[in-house]
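A.B. asks: Chain order of the listed sequences is A and B. Under the numbering used here, the first residue of the first sequence carries the number 1, and numbering increases by one thereafter. Under the numbering used here, the first residue of the second sequence carries the number 1, and numbering increases by one thereafter.
Do not take every clue at face value.
[What the hints assert, rightly or not] Heads up, incomplete: computed chain A residues facing chain B, CB under 7 Å, no partners named:
{"hint": "1", "residue": "Tyr-11"}
{"hint": "2", "residue": "Tyr-17"}
{"hint": "3", "residue": "Leu-21"}
{"hint": "4", "residue": "Tyr-26"}
{"hint": "5", "residue": "Asn-151"}
{"hint": "6", "residue": "Ser-211"}
{"hint": "7", "residue": "Val-317"}
{"hint": "8", "residue": "Ala-328"}
{"hint": "9", "residue": "Val-344"}
{"hint": "10", "residue": "Leu-352"}
{"hint": "11", "residue": "Phe-353"}
{"hint": "12", "residue": "Tyr-372"}
{"hint": "13", "residue": "Lys-374"}
{"hint": "14", "residue": "Ile-377"}
Bear in mind the hints are in silico, worked out from the structure with no lab data behind them. Where is the CB? At the ideal position from N, CA and C, for every residue including glycine.
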Amino acid sequence: MEILTVIYLAYAFIALYFLFLFSLVYAQNKKDMLYYPKTKKIYSLDIVVPCYNEEDTIEATVKSLLSSNYKGLSKIYVVDDCSTDNSYSIIKKLAGKYNKVVALHTPKNTGKAANAKNYGAKFAKSELIGFTDADSFPEKDAISKAVGFFNNEKVAGVTTLILVKNRKKAIERLQSLEYKVIAFTRKLLGFLEAIYVTPGPMAIYRRKLFSKIGGFDEKNVTEDIEITWNLVSRGYKVEMSMASRILTVVPDNIKHWYRQRIRWNIGGIQTIRKYKHLFLKKGSLGSFILPFFVLSWVIGMVGLAILIYNFGRRIFVDYLSTLYSIKAQTAILTLREINLVPSVLSFYGIFLFILGLAFTVFVMSFIKEKDYKKEGILTLAGYTLFYLSAYPVILIASVYNYLKGKHSW
Amino acid sequence: MFNNPKRAFLEAFFLALVIFIIGFLIGVSFEDSRLNKINEYYTLSEISLMDSIALNRISDLKNISCDELINYDFEFADKIYDEALLLEKYEESGKITDSINAAHKRYDLLRTILWINVMKTREKFQRNFKTVIYNNNYNTKDLTERAQQIVWSRILFDLKQESGEKIILIPISVNNDITSLRLLVDGFKIRKYPAIIIDEKNIIYDLTSVEDIEKYLK
Numbered sequence: 001m002e003i004l005t006v007i008y009l010a011y012a013f014i015a016l017y018f019l020f021l022f023s024l025v026y027a028q029n030k031k032d033m034l035y036y037p038k039t040k041k042i043y044s045l046d047i048v049v050p051c052y053n054e055e056d057t058i059e060a061t062v063k064s065l066l067s068s069n070y071k072g073l074s075k076i077y078v079v080d081d082c083s084t085d086n087s088y089s090i091i092k093k094l095a096g097k098y099n100k101v102v103a104l105h106t107p108k109n110t111g112k113a114a115n116a117k118n119y120g121a122k123f124a125k126s127e128l129i130g131f132t133d134a135d136s137f138p139e140k141d142a143i144s145k146a147v148g149f150f151n152n153e154k155v156a157g158v159t160t161l162i163l164v165k166n167r168k169k170a171i172e173r174l175q176s177l178e179y180k181v182i183a184f185t186r187k188l189l190g191f192l193e194a195i196y197v198t199p200g201p202m203a204i205y206r207r208k209l210f211s212k213i214g215g216f217d218e219k220n221v222t223e224d225i226e227i228t229w230n231l232v233s234r235g236y237k238v239e240m241s242m243a244s245r246i247l248t249v250v251p252d253n254i255k256h257w258y259r260q261r262i263r264w265n266i267g268g269i270q271t272i273r274k275y276k277h278l279f280l281k282k283g284s285l286g287s288f289i290l291p292f293f294v295l296s297w298v299i300g301m302v303g304l305a306i307l308i309y310n311f312g313r314r315i316f317v318d319y320l321s322t323l324y325s326i327k328a329q330t331a332i333l334t335l336r337e338i339n340l341v342p343s344v345l346s347f348y349g350i351f352l353f354i355l356g357l358a359f360t361v362f363v364m365s366f367i368k369e370k371d372y373k374k375e376g377i378l379t380l381a382g383y384t385l386f387y388l389s390a391y392p393v394i395l396i397a398s399v400y401n402y403l404k405g406k407h408s409w
Numbered sequence: 001m002f003n004n005p006k007r008a009f010l011e012a013f014f015l016a017l018v019i020f021i022i023g024f025l026i027g028v029s030f031e032d033s034r035l036n037k038i039n040e041y042y043t044l045s046e047i048s049l050m051d052s053i054a055l056n057r058i059s060d061l062k063n064i065s066c067d068e069l070i071n072y073d074f075e076f077a078d079k080i081y082d083e084a085l086l087l088e089k090y091e092e093s094g095k096i097t098d099s100i101n102a103a104h105k106r107y108d109l110l111r112t113i114l115w116i117n118v119m120k121t122r123e124k125f126q127r128n129f130k131t132v133i134y135n136n137n138y139n140t141k142d143l144t145e146r147a148q149q150i151v152w153s154r155i156l157f158d159l160k161q162e163s164g165e166k167i168i169l170i171p172i173s174v175n176n177d178i179t180s181l182r183l184l185v186d187g188f189k190i191r192k193y194p195a196i197i198i199d200e201k202n203i204i205y206d207l208t209s210v211e212d213i214e215k216y217l218k
């Protein structure tokens with residue numbers, strides 16, 4: 001058996017494994033997917049909103065937080081990181097109008113969300129501290145459905161269901177579907193105590209623990225991944241409230257999308273490096289999250305390398321044979337050369353594609369939305385056939401950028 | 001919460017393993033069924049070849065029709081040429097087992113015997129039929145050579161379509177470690193592969209069109 005065949009078979013096995021793992025976890029926990037505990041007490045909660053050049057959305061973000069039905073919400077600290085647009089004057093107006101809103105301004109532009117978040121967190125005095133991006137909009141009951149998880153003393157952080165607000169362009173609809181799949185999978189990972197990120201659009205932490213670990217790591221460009229790993233590595237639990245919905249604005253063009261993804265991956269690399277000493281050690285971080293991250297990245301990159309190698313060879317041979325065929329005035333392609341005899345790899349490929357597609361369709365049907373139509377068949381096709389294929393390409397570009405020392409926002 | 005996360009990992013592992021093994025076994029059985037089909041063809045071709053060799057020997061003892069013998073070789077060469085095309089497709093799709101490679105080697109040996117038999121027939125009956133022996137490298141890693149062989153196969157296929165009744169076309173892979181074949185082609189002092197031997201007299205190293213061969217077939 002050729003080495004490439006062995007690699008393909010290993011890929012098929014790993015893909016099968018994760019599909020079965022997620023299916024099994026879902027089957028055993030489907031009743032609890034949307035479950036959220038009722039709060040035993042009203043925890044006081046301050047929310048920090050870091051803001052840089054968000055004049056279009058900051059008011060709506062603050063207003064969505066103000067409309068929350070959670071009674072423990074004390075203050076909303078909106079931290080302007082020296083925006084060059086009109087953001088700060090909007091924040092000040094809001095602070096003047098609403099008692100709960102506090103306008104803050106960093107002494108100089110920090111250039112990173114982590115710094116602005118930490119700056120705002122210094123002012124918080126509550127039991128819980130939440131963070132919301134300045135272009136994200138929690139639904140009215142999002143917070144009240146999340147805080148109940150803190151009844152468990154071991155819970156240090158709670159993440160939420162992040163959905164996409166802007167869905168007009170194809171790139172936005174693709175991300176909308178992607179966010180649903182990510183959220184669904186994150187909830188399933190939660191049942192395995194393996195949540196690896198508490199994303200920026202809305203995350204709540206126990207403030208004492210947040211302070212104890214020194215807040216967000218300001219050197220990391222994905223502080224939301226780092227803080228999760230930090231908490232989990234100390235034996236704390238991170239939960240996900242699938243019933244808490246937050247709408248967020250995603251990049252509306254390829255350039256911004258690409259930059260965002262590069263940043264996510266670079267942050268991932270930084271986090272892996274920081275916690276590499278825990279690899280395969282006891283605890284869910286060392287025994288699952290870290291290996292899961294590393295494995296998925298290695299698989300992505302090796303897979304892409306093999307694809308490029310095979311595709312490159314094929315293109316080269318096709319190019320030469322076409323050239324020779326033209327010279328020889330013979331057919332460029334003959335019917336007899338079209339090979340419709342399937343190989344075992346094509347069977348695995350089709351089987352896995354169908355399973356993956358079924359998983360995505362299931363997620364689409366699971367996350368029901370009143371105000372939005374479901375993503376159409378074109379989005380589904382684009383997502384499964386093309387969008388996912390971009391992951392390893394971006395990953396390689398991220399590694400390249402990381403090695404070149406581009407670690408900033 | 002999953003009662004025991006470790007159990008989920010193990011259950012998923014065993015489930016994936018079971019499905020993977022089932023898929024693997026189905027794959028093996030698919031490849032085996034193709035191999036069985038090739039083996040059936042091979043057995044029939046082997047019988048035909050033995051028959052042809054026997055006919056050749058009988059002609060030493062008894063006066064039999066020379067045309068009948070030659071026609072038999074033509075038909076047989078056509079048959080194993082078609083089987084070669086089928087074998088090629090099966091080889092491309094065979095990923096798990098290596099048995100199809102062994103089948104290829106056996107076919108190469110069969111084609112070598114056919115070539116020898118055809119040479120003998122021509123010598124014995126002094127008939128002027130044409131033979132085109134296409135020597136190539138099996139599974140070559142050299143991409144330029146692979147592209148060249150693809151085009152040569154197309155040109156020879158065109159030739160077969162145009163003049164199939166007049167020529168005996170035998171494609172043989174020379175890098176299959178068959179001693180008799182090696183000794184046979186060594187006699188032609190072939191410099192490089194792919195190469196085409198026409199009537200054991202002319203060797204073509206640069207094939208650019210059907211006409212390149214046709215000029216030797218007139």
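A.B. asks: Run through the hints listed earlier and report the numbers of any the structure violates, in increasing order.
C.D. replies: Going through the list in order, the structure violates hints 1, 4, 5, 6, 10, 11, 12, 13, 14 and respects the others.
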